[in-house]
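Got chain W sorted already, so can you dock chain U onto it with the hints?
Chains as they are written, first to last, in this note's numbering: chain W, 2 to 210; chain U, 2 to 210.
Keep in mind that the hints are not guaranteed to be accurate.
Note: identical chains are not told apart, hence a pair may lie in one copy or across any two.
[To be verified] For lysine-lysine, the following DSBU-like pairs were computed, each having C-alpha atoms within a straight-line distance of at most 35 Å: (1) 59 <-> 205; (2) 59 <-> 181; (3) 21 <-> 7; (4) 49 <-> 21; (5) 59 <-> 49; (6) 205 <-> 7.
Think of the hints as simulated: they come from the structure by calculation, not from any bench.
2 protein chains.
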Amino acid sequence: MGSISKHTLQRLPTYLAYLKSLPCADNACISAAAIAAALELGEVQVRKDLSAVGSAGKPRIGYPVNDLIQHLEYFLGYSTRNRAVLVGVGNLGLALLSYGGFADYGLDIVGAFDSNPALIGLQIDGRPVLSMDELPTFCQRENVQIGILAVPSAAAQPCCDALIAGGVRAVWNFAPVHLKAPDGVLIQRENMASSLALLSYHLKQPERN
Amino acid sequence: MGSISKHTLQRLPTYLAYLKSLPCADNACISAAAIAAALELGEVQVRKDLSAVGSAGKPRIGYPVNDLIQHLEYFLGYSTRNRAVLVGVGNLGLALLSYGGFADYGLDIVGAFDSNPALIGLQIDGRPVLSMDELPTFCQRENVQIGILAVPSAAAQPCCDALIAGGVRAVWNFAPVHLKAPDGVLIQRENMASSLALLSYHLKQPERN
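This is chain W alone, in the form it adopts within the complex (with noise of 0.2 Å):
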């Protein structure tokens, strides 16, 4: 993951939301205690996240807020415009196709997959569903970086080598299987079911109180 830790990227965005739900004012500034208290991290943590995007916080003046989210979304590549696609028009894919938060993240889904007849020539909030023959082709052509996974488990190995095929070199997987993919290929994986079994788990365990 290069000179930044994968715990330190995965709570950036964390950092962001929270001076983003600030309330606006020029030349504001917050310390890293605060921000510590906030999100309920240690300071120190918060001070060693920070400068790994660059930003040192002044003595009893701590961090310009305004200056402190644009190096959070510079870094974040947030400015950056990176094209995906959607494999999977289901339930899932179709949320994730509508839900227009994904741009604030830099994120432009450019086209769908699916490969049902009956969903193939629609068009979804003017992106078209085109079938998975055109994938390879269709990333190479539209200069396609992202694929998002949402199809059931026993399709998401062969639609991620078809996306790897198509030159993508970032695979985010909703499907809940190991995906194998070559060397400089990184596969992501939202692991729903690992969130459930950690809710589950836990409330098989006697209340504390």
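Only chain U this time, still in chain W's reference frame:
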């Protein structure tokens, strides 16, 4: 998290999905080495994880597949039913409501809540959409243990508080904000913004090939 580590717990659904994907055969066995190779994990890790759920492989034979599936399902509580409500019937909320797969994980969504009067009174796949005022009473009466939050960031904390007032002990949070909760309540965040940060950062790195 009690006697088992969070990381082990998060891997268990992956073992289970893999074992269930294998061709059915009575008395079939599988070695830790084969599981490790398929899931790209270390063999020692696999043995340790499976021993935490009470499964021990036999030398030169391995683990009986069907027993292992039963152990994992029992340990993960998929045979126990957990009653949940969904708060926020937007695109994501609708997708979560319509997704049939959660029942396999022991999760039953028994009701949905929204602040939009146009939605209140609807039935979605047999679940009523109710007003936010009714949330705490409904949760108490229906013995709801899990709240699923699919609301905008600004609404997440008040909705979380309402769930906890209704006796919910575990909250699955899809809003990109940090939530505060009393001890004994688990907040499990599904952090899509963090996943996007990892994808976007990966694409900023020079290609290695």
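Evaluated hints:
1. In this homomeric assembly, residue 59 and residue 205 come within 35 Å of each other (Cα to Cα) only across copies, at 29 Å, whereas the closest approach inside a single copy is 47 Å.
2. In the homo-oligomer, the alpha carbons of residue 59 and residue 181 lie at most 35 Å apart only across protomers (28 Å), although the nearest pairing inside one protomer, at 46 Å, exceeds that limit.
3. In this assembly of identical chains, the alpha carbons of residue 21 and residue 7 lie at most 35 Å apart whether taken from the same copy (22 Å) or from different copies (30 Å).
4. Taking the shortest alpha-carbon separations for residue 49 and residue 21, only the intra-copy value of 20 Å comes in at or below 35 Å, while the best inter-copy value is 43 Å.
5. Taking the shortest alpha-carbon separations for residue 59 and residue 49, only the intra-copy value of 14 Å comes in at or below 35 Å, while the best inter-copy value is 47 Å.
6. For the homomeric pair residue 205 and residue 7, the shortest alpha-carbon distances inside one copy (30 Å) and between copies (14 Å) are both at most 35 Å.
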